[in-house]
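Can you make the complete structure from the sequences, with help from the hints?
Quick note, the sequence shown lines up with residues 1 to 249 if you use the working numbering.
Where hints are given, some of them may not hold.
Said to hold, decoys possible - In silico lysine-lysine, DSS-like type, Cα no more than 27 Å apart, as pairs:
{"hint": "1", "residue 1": "K26", "residue 2": "K191"}
{"hint": "2", "residue 1": "K63", "residue 2": "K191"}
{"hint": "3", "residue 1": "K177", "residue 2": "K191"}
{"hint": "4", "residue 1": "K207", "residue 2": "K177"}
Just so you know, these hints were derived from the structure itself, not from any lab.
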Amino acid sequence: MLRLSDLHASYGAAPVLQGISLTVEKGETVALLGPNGAGKSTLLAAITGTIRRRDGSIDFQGKNLVHEASHAIVAQGVALVPEGRLVFAPFSVEDNLRLGAVRLRGEARERFDHVYALFPRLRERRRQPAGTLSGGEQQMLAIGRALMSNPRLLLLDEPFLGLAPMVVVQIRDALEKLRASGLTMLIVEQKLDIALDFAQRAYVLIKGRVALEDSTASLARRTDLRDLYFALAAASTTSGLPSSARSTA
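Structure, rendered in structure tokens:
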């Protein structure tokens, strides 16, 4: 469904992504791991067209998105749940959701029903200003808003960040239902245990490059995984990768 080939992207003159190549198959859940500053959120921004893509290609279902505007990328079927939720605080829950469905016209009512079935708490609070919701409810709203566009590919940037354990379980259950429905997901996640348990494959990014890629089942069997992960993070301040990573990078 998604293939990035030698993708370079920058904020102004500062390069961030330096030749990223990865794939996400239809119906697959793939995790992006790495330390702060590795380029994970930048990669999602590049896919959605909110930062400058300099070189390489972003092939989504046979179409190169590199020169497409953000609204056109949403229309193609890509939706982002941003880090920090970024809900519109003064607007009601329902108005926030409606903003995610601006391209759907007649399908919007069906999407409301879909989101409310996934997150019943949003239905209960649909007239409530989004800024008065709890952090977990705002995360549900951010996911629901992205789903209102009826995406084929859902990008999630730290969806469990700062949430209470009980809310993490609720969000996780909702995402499991989406995966069971066949939705393709690319998820940025800092916590190894969540990423390895939830995703099918993972890429580790270091300084804007792919340092390691493998199935999560294979990674979970590695007794040296945590040491390797932190060694890769430490390598972000040097020019090389640990030798134990090179064979799978």
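Each hint tested on the structure:
1. Distance hint between K26 and K191 is fulfilled; the C-alpha atoms sit about 24 Å from each other, no more than 27 Å.
2. Under the criterion of a C-alpha separation no larger than 27 Å, the hint pairing K63 with K191 is inconsistent with the structure, at around 32 Å.
3. A distance of roughly 21 Å separates the Cα atoms of K177 and K191; the hinted pair therefore holds under the 27 Å criterion.
4. Between the alpha carbons of K207 and K177 the distance comes to roughly 33 Å, so the proposed pair goes past 27 Å and is violated.
The earlier numbered hints that this structure contradicts are 2, 4.
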